[in-house]
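Using the sequences plus the hints, can you model the full thing?
2 protein chains.
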Amino acid sequence: MEHGTAVSVVTAGGEKFAVRKARREDVPALVALLADDPLGSGRETAPPEAYLSAFEAVDASDEQLLVCLTTASGEVVGTLQLTFIRGLSRGGALRGQIEAVRVHREYRSNGLGRLFVGWAVEECRRRGCVLVQLTSDRSRGDAHRFYERLGFVDSHGGFKLPLDP
Amino acid sequence: MEHGTAVSVVTAGGEKFAVRKARREDVPALVALLADDPLGSGRETAPPEAYLSAFEAVDASDEQLLVCLTTASGEVVGTLQLTFIRGLSRGGALRGQIEAVRVHREYRSNGLGRLFVGWAVEECRRRGCVLVQLTSDRSRGDAHRFYERLGFVDSHGGFKLPLDP
Chain L
1 MEHGTAVSVV
11 TAGGEKFAVR
21 KARREDVPAL
31 VALLADDPLG
41 SGRETAPPEA
51 YLSAFEAVDA
61 SDEQLLVCLT
71 TASGEVVGTL
81 QLTFIRGLSR
91 GGALRGQIEA
101 VRVHREYRSN
111 GLGRLFVGWA
121 VEECRRRGCV
131 LVQLTSDRSR
141 GDAHRFYERL
151 GFVDSHGGFK
161 LPLDP
Chain B
1 MEHGTAVSVV
11 TAGGEKFAVR
21 KARREDVPAL
31 VALLADDPLG
41 SGRETAPPEA
51 YLSAFEAVDA
61 SDEQLLVCLT
71 TASGEVVGTL
81 QLTFIRGLSR
91 GGALRGQIEA
101 VRVHREYRSN
111 GLGRLFVGWA
121 VEECRRRGCV
131 LVQLTSDRSR
141 GDAHRFYERL
151 GFVDSHGGFK
161 LPLDP
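Which chain is which? The protein sequence lines are L and B, in order. The first sequence begins at 1 in the UniProt record's numbering and counts up one residue at a time. The second sequence begins at 1 in the UniProt record's numbering and counts up one residue at a time.
Please keep in mind that the hints were generated in silico from the structure rather than gathered at the bench. A virtual CB, placed ideally from N, CA and C, is assigned to each residue, including glycine. Worth double-checking, as some hints may not be accurate.
Computed footprint of chain L on chain B; a stretch qualifies when at least three of its residues, placed anywhere within it, have a C-beta under 8 Å from a C-beta of chain L [stated by the list, open to error]:
1. 21-32
2. 36-44
3. 56-70
4. 81-95
5. 105-115
6. 152-162
Capping the alpha-carbon separation at 30 Å, the derived lysine-lysine pairs in BS3-like fashion look like this [claimed, not checked]:
7. L/Lys160 - B/Lys160
8. L/Lys16 - B/Lys160
9. L/Lys160 - B/Lys16
10. B/Lys21 - B/Lys160
Take a look at the structure:
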């Protein structure tokens with residue numbers, strides 16, 4: 001995945017899907033997925049250049065991996081971002097963090113989300129992470145059950161402090 | 001702070017403390033702080049080289065900032081790590097993440113921790129973050145009240161999945 005060429009394949013509901021590194025031309029589809037969400041709909045109103053500029057920064061970083069989930073015909077139907085965080089704690093461990101998970105509403109409830117996040121966990125393991133972490137808004141009860149079924153433990157409070165622009 | 005030269009000063013209980021980027025020679029003191037903790041004590045048993053190697057990776061990254069809190073005489077009495085995460089969501093926003101906060105037990109309860117985390121929030125603001133986030137183990141009730149007094153909202157579940165080595 002580091003070079004943007006490798007593709008992983010997951011099969012859900014008899015259909016094949018690919019997971020690959022996001023490309024610049026995917027950005028509009030990715031933003032549409034982020035916006036098609038009860039919490040995201042009100043906050044994805046920035047001009048296209050803001051998203052392209054953010055994409056360039058993420059794409060250039062060795063510590064970030066933004067991926068697309070696509071159908072066999074290449075339609076982007078999911079996304080998530082991994083951040084690999086080295087720290088001193090836990091013996092100088094690497095941890096993987098999952099952010100901004102979205103699966104298109106027409107592709108939910110057939111196990112695809114589970115396979116997609118499972119792919120992300122395996123990618124973290126492959127890179128040597130000792131832990132995978134994420135936070136999920138408490139208003140997303142379904143998401144919480146989803147992560148618990150994947151083996152995640154809701155052991156921490158997830159604290160956020162918005163900063164005024 | 002980017003070049004490891006700038007120092008911020010905070011005053012607590014009539015005493016002056018400095019916040020500066022961590023240096024390689026600080027690593028043993030930082031690991032001692034991480035280990036002097038109910039949750040950290042059992043998990044900081046790696047050989048010194050593991051911590052030095054992790055320090056080099058953190059120090060080399062533009063997306064990481066590991067800092068020391070020191071007394072006027074230079075003793076290291078606190079640490080935290082900031083990670084700056086660019087993403088597509090929220091208009092291509094940058095978010096700041098705080099991890100591995102520790103203040104030496106003899107220096108707690110005089111407002112120093114509050115000033116130290118307040119410094120971290122201001123550093124995130126200075127770099128253009130729209131949000132600061134952290135997770136805190138639910139067993140740390142005092143820490144939760146501490147972050148809430150600083151304005152953080154415990155709005156998310158913090159999910160963790162340990163990976164087998």
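Status of each hint after checking the structure:
1. 21-32: holds (count 3)
2. 36-44: With 3 residues in contact (Cβ-Cβ under 8 Å with chain L), the coverage given for the stretch 36-44 of chain B holds.
3. 56-70: holds (count 6)
4. 81-95: Three-residue rule met by the stretch 81-95 of chain B, so holds; n is 11.
5. 105-115: violated (count 0)
6. 152-162: holds (count 11)
7. L/Lys160 - B/Lys160: holds (17 Å)
8. L/Lys16 - B/Lys160: holds (29 Å)
9. L/Lys160 - B/Lys16: Distance ~29 Å between L/Lys160 and B/Lys16 Cα, so the pair holds.
10. B/Lys21 - B/Lys160: The hint holds at about 28 Å.
Going down the numbered hints, you'll see the structure goes against just number 5.
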